[in-house]
Amino acid sequence: MSDPGKQEGPRGAIIEIVEKDVTTSSDSAGRSIIVPNDIRINGQSLLSSADDPVIVHEITTRADACVRVTLTLLARRVSIRAEDDPV
1 MSDPGKQEGP RGAIIEIVEK DVTTSSDSAG RSIIVPNDIR INGQSLLSSA DDPVIVHEIT
61 TRADACVRVT LTLLARRVSI RAEDDPV
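Using the working numbering, you'd call the opening residue of the sequence shown number 1 and step up by one each time.
Hints were generated in silico from the structure; no laboratory data involved. Keep in mind that a hint or two might mislead.
[Claimed, not checked] Beta-carbon label-pair distances, calculated as ranges: (1) Ile14 / Arg62: 16 to 22 angstroms; (2) Ser45 / Arg11: 34 to 40 angstroms; (3) Ala13 / Thr61: 15 to 21 angstroms.
Keep in mind it's a predicted model, so treat the numbers as computed, not measured. Ideal Cβ positions, reconstructed from N, Cα and C, are used throughout, including at glycine.
Produce the entire structure from the sequences given, and follow the hints as far as they go.
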């Protein structure tokens, strides 16, 4: 059980790059084509630019390696500030 007074550190995000509302054409693994049209971070769909396609880089399977993801997204607002400053 965690200490209620102790603040948790940062955690990795859940990134989903999915083909929304379409089922794959084949039940066989590796025999269907997926065309991603939705990007989600922690379950929230985000806008991405059609000029900057999703690129998946090499993924290593080392136990001590983190998965790194780079996405180009459209932002409505970007805020760089101290956490307790007003928005």
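We went through each hint and held it up to the structure:
1. Ile14 / Arg62: 16 to 22 angstroms: Cβ of Ile14 to Cβ of Arg62: about 21 angstroms, so the range 16 to 22 angstroms holds.
2. Ser45 / Arg11: 34 to 40 angstroms: With a Cβ separation near 20 angstroms, Ser45 and Arg11 fall outside 34 to 40 angstroms, so the hint is violated.
3. Ala13 / Thr61: 15 to 21 angstroms: 20 angstroms, holds
Comparing the model with each earlier hint shows a violation of hint 2 alone; every other hint is respected.
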